[in-house]
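For the record, the sequence lines run as chains A, B, C and D. Counted from 1, the first sequence has number 267 at position 267 by the numbering used here; the numbering is strictly sequential. Counted from 1, the second sequence has number 342 at position 342 by the numbering used here; the numbering is strictly sequential. Counted from 1, the third sequence has number 255 at position 255 by the numbering used here; the numbering is strictly sequential. Counted from 1, the fourth sequence has number 31 at position 31 by the numbering used here; the numbering is strictly sequential.
If you are wondering where the hints come from, they were derived from the structure by calculation, not from laboratory data. Note that beta-carbon positions come from the ideal geometry of N, C-alpha and C, so glycine has one too. Among the hints, a few may not be true.
Stated by the list, open to error - Computed, partial: chain D to chain C, Cβ under 8 angstroms:
{"hint": "1", "residue": "E195"}
{"hint": "2", "residue": "R209"}
{"hint": "3", "residue": "I238"}
{"hint": "4", "residue": "P348"}
Stated by the list, open to error - Listed next, the in silico DSBU-like pairs over lysine-lysine satisfying Cα-Cα at most 35 angstroms (straight line):
{"hint": "5", "chain 1": "D", "residue 1": "K142", "chain 2": "D", "residue 2": "K254"}
{"hint": "6", "chain 1": "A", "residue 1": "K104", "chain 2": "B", "residue 2": "K254"}
{"hint": "7", "chain 1": "C", "residue 1": "K186", "chain 2": "A", "residue 2": "K186"}
{"hint": "8", "chain 1": "A", "residue 1": "K3", "chain 2": "A", "residue 2": "K104"}
{"hint": "9", "chain 1": "A", "residue 1": "K186", "chain 2": "A", "residue 2": "K104"}
{"hint": "10", "chain 1": "D", "residue 1": "K104", "chain 2": "C", "residue 2": "K104"}
{"hint": "11", "chain 1": "C", "residue 1": "K254", "chain 2": "D", "residue 2": "K254"}
{"hint": "12", "chain 1": "D", "residue 1": "K3", "chain 2": "D", "residue 2": "K104"}
{"hint": "13", "chain 1": "D", "residue 1": "K254", "chain 2": "D", "residue 2": "K186"}
{"hint": "14", "chain 1": "D", "residue 1": "K104", "chain 2": "C", "residue 2": "K254"}
{"hint": "15", "chain 1": "A", "residue 1": "K254", "chain 2": "B", "residue 2": "K164"}
{"hint": "16", "chain 1": "A", "residue 1": "K164", "chain 2": "A", "residue 2": "K186"}
{"hint": "17", "chain 1": "A", "residue 1": "K104", "chain 2": "A", "residue 2": "K254"}
{"hint": "18", "chain 1": "B", "residue 1": "K186", "chain 2": "D", "residue 2": "K186"}
{"hint": "19", "chain 1": "D", "residue 1": "K3", "chain 2": "D", "residue 2": "K142"}
{"hint": "20", "chain 1": "C", "residue 1": "K164", "chain 2": "D", "residue 2": "K254"}
{"hint": "21", "chain 1": "C", "residue 1": "K142", "chain 2": "C", "residue 2": "K104"}
{"hint": "22", "chain 1": "B", "residue 1": "K254", "chain 2": "A", "residue 2": "K254"}
{"hint": "23", "chain 1": "A", "residue 1": "K164", "chain 2": "B", "residue 2": "K254"}
{"hint": "24", "chain 1": "C", "residue 1": "K254", "chain 2": "D", "residue 2": "K164"}
{"hint": "25", "chain 1": "A", "residue 1": "K164", "chain 2": "A", "residue 2": "K3"}
{"hint": "26", "chain 1": "B", "residue 1": "K104", "chain 2": "A", "residue 2": "K254"}
{"hint": "27", "chain 1": "B", "residue 1": "K142", "chain 2": "B", "residue 2": "K254"}
{"hint": "28", "chain 1": "C", "residue 1": "K104", "chain 2": "C", "residue 2": "K254"}
{"hint": "29", "chain 1": "B", "residue 1": "K3", "chain 2": "B", "residue 2": "K164"}
{"hint": "30", "chain 1": "B", "residue 1": "K186", "chain 2": "B", "residue 2": "K254"}
Protein chains: 4
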Amino acid sequence: MIKAGIVGATGYTGSELLRLLVLHPEIEIHAVSSRSDAGRLVSEIFPNLRGYVDINFCEPSPEQLSGCDVIFFATPHGVAQAMMSDILSTGARVVDLSADFRIKDQTVWESWYQQPHNSPELIADAVYGLPEVHRDEICDAKILACPGCYPTAIQLGLIPLLEKGLISTQGLIADAKSGVSGAGRKASVPSLMAECADSFKAYGISGHRHRPEIEQGLTRAAGADVSLTFVPHLVPMIRGIEATLYAPLTGAGKAMGLEAIQAMFEQRYQNEPFVDVMPAGSLPETRSVKGSNICRLAIHQQTGSDMLIISSVIDNLVKGASGQAIQNMNLMFGFEETLGLNHVPLSP
Amino acid sequence: MIKAGIVGATGYTGSELLRLLVLHPEIEIHAVSSRSDAGRLVSEIFPNLRGYVDINFCEPSPEQLSGCDVIFFATPHGVAQAMMSDILSTGARVVDLSADFRIKDQTVWESWYQQPHNSPELIADAVYGLPEVHRDEICDAKILACPGCYPTAIQLGLIPLLEKGLISTQGLIADAKSGVSGAGRKASVPSLMAECADSFKAYGISGHRHRPEIEQGLTRAAGADVSLTFVPHLVPMIRGIEATLYAPLTGAGKAMGLEAIQAMFEQRYQNEPFVDVMPAGSLPETRSVKGSNICRLAIHQQTGSDMLIISSVIDNLVKGASGQAIQNMNLMFGFEETLGLNHVPLSP
Amino acid sequence: MIKAGIVGATGYTGSELLRLLVLHPEIEIHAVSSRSDAGRLVSEIFPNLRGYVDINFCEPSPEQLSGCDVIFFATPHGVAQAMMSDILSTGARVVDLSADFRIKDQTVWESWYQQPHNSPELIADAVYGLPEVHRDEICDAKILACPGCYPTAIQLGLIPLLEKGLISTQGLIADAKSGVSGAGRKASVPSLMAECADSFKAYGISGHRHRPEIEQGLTRAAGADVSLTFVPHLVPMIRGIEATLYAPLTGAGKAMGLEAIQAMFEQRYQNEPFVDVMPAGSLPETRSVKGSNICRLAIHQQTGSDMLIISSVIDNLVKGASGQAIQNMNLMFGFEETLGLNHVPLSP
Amino acid sequence: MIKAGIVGATGYTGSELLRLLVLHPEIEIHAVSSRSDAGRLVSEIFPNLRGYVDINFCEPSPEQLSGCDVIFFATPHGVAQAMMSDILSTGARVVDLSADFRIKDQTVWESWYQQPHNSPELIADAVYGLPEVHRDEICDAKILACPGCYPTAIQLGLIPLLEKGLISTQGLIADAKSGVSGAGRKASVPSLMAECADSFKAYGISGHRHRPEIEQGLTRAAGADVSLTFVPHLVPMIRGIEATLYAPLTGAGKAMGLEAIQAMFEQRYQNEPFVDVMPAGSLPETRSVKGSNICRLAIHQQTGSDMLIISSVIDNLVKGASGQAIQNMNLMFGFEETLGLNHVPLSP
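For reference, chain A alone in the conformation it holds in the complex:
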């Protein structure tokens, strides 16, 4: 049994951490902070947690958060950077769900997030937490940078191909779609139901912050610079991400053929508890992973075309955020990797 704290628990990744942690057999919720709602009962803000959490939000200060074995940051970017040294000095290990420590190149981070990095000296120590790729490093991490939602769905779909040199490193396209919870739980006109229900749109077409994070991961897997066109879209649903990935096959990929590529995917992920390579011809639906930490993938090719198409679905709040954070925590603390994450997706 270890003690956990959450900074920024009034957002969706924070409340999702609570949903998952309250039934985790090795976790005691020790402190839950919220600048805006400090003093209020957690279950007053999140009635779905009535009967499961009986504590009040505290101020997000190192004092209030001391005594924790692990601290989760479920905050906008910038917050974890500012508090990181103080938190580490309490002895806690950190799982950061924000973007603060995901990008290894400080100048790239600063140019996309338009502010100076607050703890540049800690960037090198942070481990990027995609367990299917970096499991060994994760176990020893002090600062775990939990991947973004789009980057998770996209990297899991492309990395096996890049590792084997089956697709080009140039001309890759990720057309990704997210439910509205991805925009967070903050008052804003464009996220009103009357503004985004029964409609669909692309956003960030000219450039989105997740692109450098994805390219960094793909480049590492390929061992060569990868360039990606990434366009996110807003879907009138609450949870879920689907990414349709378009990858020109290399000579090696063409020679291999779709059937063998399917088999390669199945083998690559055969021991991964949270990646499901679906049978040939499958069409993954986001609802098939709703509420769970699972990523489902399907691989396709159109007649007469050398473009490989991968469809990848996750729950943006679970495998794309809080579930993956707990998967990482399990590895960091030596628990079974799936502990507390065995949820059958809710469907319909």
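Keeping the supplied structure of chain A fixed, place chains B, C and D upon it in accordance with the hints.
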């Protein structure tokens, strides 16, 4: 004032024709057929038409449909082919909203629709009804093949570029998303609200019937064979299509630059009443065209990339079907092209 | 042709006024104000209006709004009260969509809206604008108080019964349900799509501001004090109100019987262009009035029960707000009552 | 560890039983039948169950279902009646989620379901499974008639009041609203997403089959005939029921007052693991119970009114069907009542 008939009026394109035609100043609804609901009052099936239409569905026979100046087919593929000769012999001109006469190559049609074509001798006479490209031919058409919903959104976004040789004819990608009304008004488990709401998925990833229709139109515009990867998706909304188009710029396109390409688009469509090239940086939403015959387009490019990105939105039931059918009819009968189509999109 | 101004045009009732007025043949949009967006192009905020409105938002000052024949207030309560004298002195007549002048009893208004009334001397002059009940007074109004959305749906369902003494004046229940556009276009966490989609709840159970307005209208129709239990609910849809009304039949009502009550309703509304008494047994759907100024009603009774049940549906933004405002304006200026309001409901 | 079988597992209550049972520590899924999909892999129909269930649907015959300790019927009405004797003779105990054995009066059942009852001799043996009211009888049941979804939400809200004589037994009103999964997983036009999304309607206004079931339960609790007006509505969401209950207070109820009634409710349900009486002033949302077996209740009264208002929410597929079925099964087999039912509601 001319007399109009609709074959297959219990589907969504049929009922949408009714919604638009009942207020069209030059149209009298003469006959509305439905095999399944013959004898019933139209407004009983479609309560939104109460007070606007006071006739009963008839059987879809040439006798019942005789006396019309124009007949709209709002039927599944195969029906218009089978009835076409008989309908033409009543003297009516035909606007066919189905796929029966869209594809010029009979063997291509037969291989995608998995059945022999029933009126191959009429294929050559049919005019493909995308007014922004084929206006002159449309005016004289006896058989007007109204474009599919995806083909409309995609062709309007790519044709200006292909006409000018600014993008490659190979490696084009159309990642398109449609509301559920695109699946039609027929009982089916996958289209139940409990099955498709709050979820998102790709479908037809390995190949979809609209691909050859789109390639045919793009090839004609380019004057060279165009190959396209086309993946449709299902969005949990009722109406609307968004297509995100990825097109590698040619040398000429790169030399031209984004700003000049934007200007070229604005010029190409400046006299088109139903195509709106939005200002640079815009993000078209499907709701901005809901209920209207408008297509809105935006053109983007990401830093350091030679991939042009176009986002194109239409209402699949209006510009993607029934509105475009009326636009074509207006041209065929010498009415003002916009007559009966002046609807402000319904938003929110 | 008269000149119209709108105060508070960045909300949903304001933008809906614009959607309807831009095609109204007797209206020229003269001034459109918005405190928050003054100076910006209207169509930049509302892309659905691109091509229809080419003016900028102005400041909501009497100077900017002068020269108008009619001013619509589409503002939160309190604003029309504060500006009313100044606006009237410009010579304009006013259609107020807010709650400021709906309630005749100043103390009742002040107790429900928790603030002193700013123009108590003008309350008596204001005419309550439910045309189906107060048509004559409306024609001469200087200040027209446009009814609330719930009050419209509920009064149209109950007033014919109260006028005839067929239902009790006590123990009436209105269980009403509204789409989320009823909450307005302002940033707020509870109205986020992630908070209210795929969920349903009652609100204001202990008391809602529309209750005294409804009771005032019912009391006037009955000629006796009417008391109502009114509970509103939030439906995960954009537009629409459904009110299920429960009314104990009086002796006279029981004696009359359901069939005759149906006939009485049909007669009461037979000349009303915007009230549709549906055939016996009908189940009104909100989508059957979407985008239109129509109210549809159905009357039911359960076996062995003396409770009359009425289901009433409107589009909250049209007959519940902006459409009704224009219907009133048409009456005030001697136009055909239906002018500019002939929209077939958008379905599906 | 006991063996369970499910008859009719391709519907929503069947698939929901599977979702819950696969993680139940005392259950082994032994046989899962489906007439329509016999022979197919369960996870092919329900991809959310991939990795959890690895069996094929069998034919719904007593032979295929033999060897089970408990059989769940998740079938339309009529099926359980026809198979009941054969199933009982295999030695299994039965939990019937259909309406076949809920109503004690055979003629009432036959008049509402329009067919002769197939096993009238077994009606008396069946135990109505609302654990919060009938826990003792349930433990010994051979045939457990699991309550309907509306009856569960409504009875839990009214029974405490009727037990104490605080509300009238006449003039009760239940205005209930259900998500679309309540209509089942069968192909039908009215349940298409394009037909029911972004819309709201009442149905069954003139009479619904759940009314006699509810009145039977309320009458038993009151010890006197109770009559209820019950109107169900269709909400454009997937899961969830909200019932707003209107109950005239008796003299005793008025004397008691709202605060004491709130306390009475809290006491009545204080040991119930699945009923949550929310604090005074609360507004229960259906999403606060999504995916869980919890019923949440709030009690209200409007100023100057003697009408008590209760809002009750459940997940129609869990506490309204499959979760309650498992709660009953736990009682029948001597397991902890909450076993396998400890799910935090999924929110957002």
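To see whether the hints hold, each was checked on the structure:
1. This hint holds: E195(D) has a C-beta 6 angstroms from the nearest C-beta of chain C, less than the 8 angstroms allowed.
2. At its closest, the beta carbon of R209(D) sits 12 angstroms from a beta carbon of chain C; the interface hint therefore is violated under the 8 angstroms criterion.
3. Proximity of I238(D) to chain C holds as hinted, the smallest CB-CB distance being about 6 angstroms (cut-off 8 angstroms).
4. Interface hint status for P348(D): upheld, as the beta-carbon distance to the closest one in chain C is roughly 4 angstroms, under 8 angstroms.
5. The suggested pairing of K142(D) with K254(D) is violated, with an alpha-carbon distance near 42 angstroms, which exceeds 35 angstroms.
6. Proximity of K104(A) to K254(B) is assessed by CA-CA distance (about 32 angstroms); at most 35 angstroms being required, the pair is judged to hold.
7. For a cut-off of 35 angstroms, the pair hint linking K186(C) to K186(A) stands: about 12 angstroms separates their Cα positions.
8. With a CA separation close to 29 angstroms, the supplied pair K3(A) and K104(A) stays within the 35 angstroms bound.
9. Straight-line distance between C-alpha atoms of K186(A) and K104(A) comes to about 29 angstroms, which keeps the hinted pair within the 35 angstroms bound.
10. With a CA separation close to 54 angstroms, the supplied pair K104(D) and K104(C) exceeds the 35 angstroms bound.
11. Annotation: proposed proximity of K254(C) to K254(D) holds, straight-line Cα distance about 29 angstroms (limit 35 angstroms).
12. For the given pair, K3(D) sits about 29 angstroms from K104(D) by alpha-carbon distance, which is consistent with the 35 angstroms threshold.
13. As the CA atoms of K254(D) and K186(D) are separated by approximately 47 angstroms, the hinted pair breaks the 35 angstroms bound.
14. Straight-line distance between C-alpha atoms of K104(D) and K254(C) comes to about 32 angstroms, which keeps the hinted pair within the 35 angstroms bound.
15. Pair hint K254(A) plus K164(B) holds up; C-alpha atoms about 32 angstroms apart against a cutoff of 35 angstroms.
16. Annotation: proposed proximity of K164(A) to K186(A) is violated, straight-line Cα distance about 42 angstroms (limit 35 angstroms).
17. Under the criterion of a C-alpha separation no larger than 35 angstroms, the hint pairing K104(A) with K254(A) is consistent with the structure, at around 33 angstroms.
18. As the CA atoms of K186(B) and K186(D) are separated by approximately 12 angstroms, the hinted pair is consistent with the 35 angstroms bound.
19. Annotation: proposed proximity of K3(D) to K142(D) holds, straight-line Cα distance about 16 angstroms (limit 35 angstroms).
20. Proximity of K164(C) to K254(D) is assessed by CA-CA distance (about 32 angstroms); at most 35 angstroms being required, the pair is judged to hold.
21. Note on K142(C) and K104(C): the hinted pairing holds, with a Cα-Cα distance of about 16 angstroms set against a maximum of 35 angstroms.
22. A C-alpha spacing of about 29 angstroms is found between K254(B) and K254(A), which places the hinted pair at or below 35 angstroms, so the restraint holds.
23. Proximity of K164(A) to K254(B) is assessed by CA-CA distance (about 32 angstroms); at most 35 angstroms being required, the pair is judged to hold.
24. At most 35 angstroms may separate the alpha-carbon atoms for a hinted pair to count; K254(C) and K164(D) meet this at roughly 32 angstroms.
25. A hinted pair counts as satisfied when its Cα atoms are at most 35 angstroms apart, and K164(A) with K3(A) does not qualify at roughly 41 angstroms.
26. Under the criterion of a C-alpha separation no larger than 35 angstroms, the hint pairing K104(B) with K254(A) is consistent with the structure, at around 32 angstroms.
27. Using a Cα cut-off of 35 angstroms, the hinted pair K142(B) and K254(B) is violated, with the two alpha carbons roughly 42 angstroms apart.
28. The hinted pair formed by K104(C) and K254(C) meets the criterion: a straight-line CA distance of about 33 angstroms does not exceed 35 angstroms.
29. A threshold of 35 angstroms between alpha carbons decides the hint, and for K3(B) with K164(B) the separation of about 41 angstroms lies outside it, so the pair is violated.
30. Distance check on the hinted pair: K186(B) and K254(B) sit about 47 angstroms apart at the alpha-carbon level, beyond 35 angstroms; violated.
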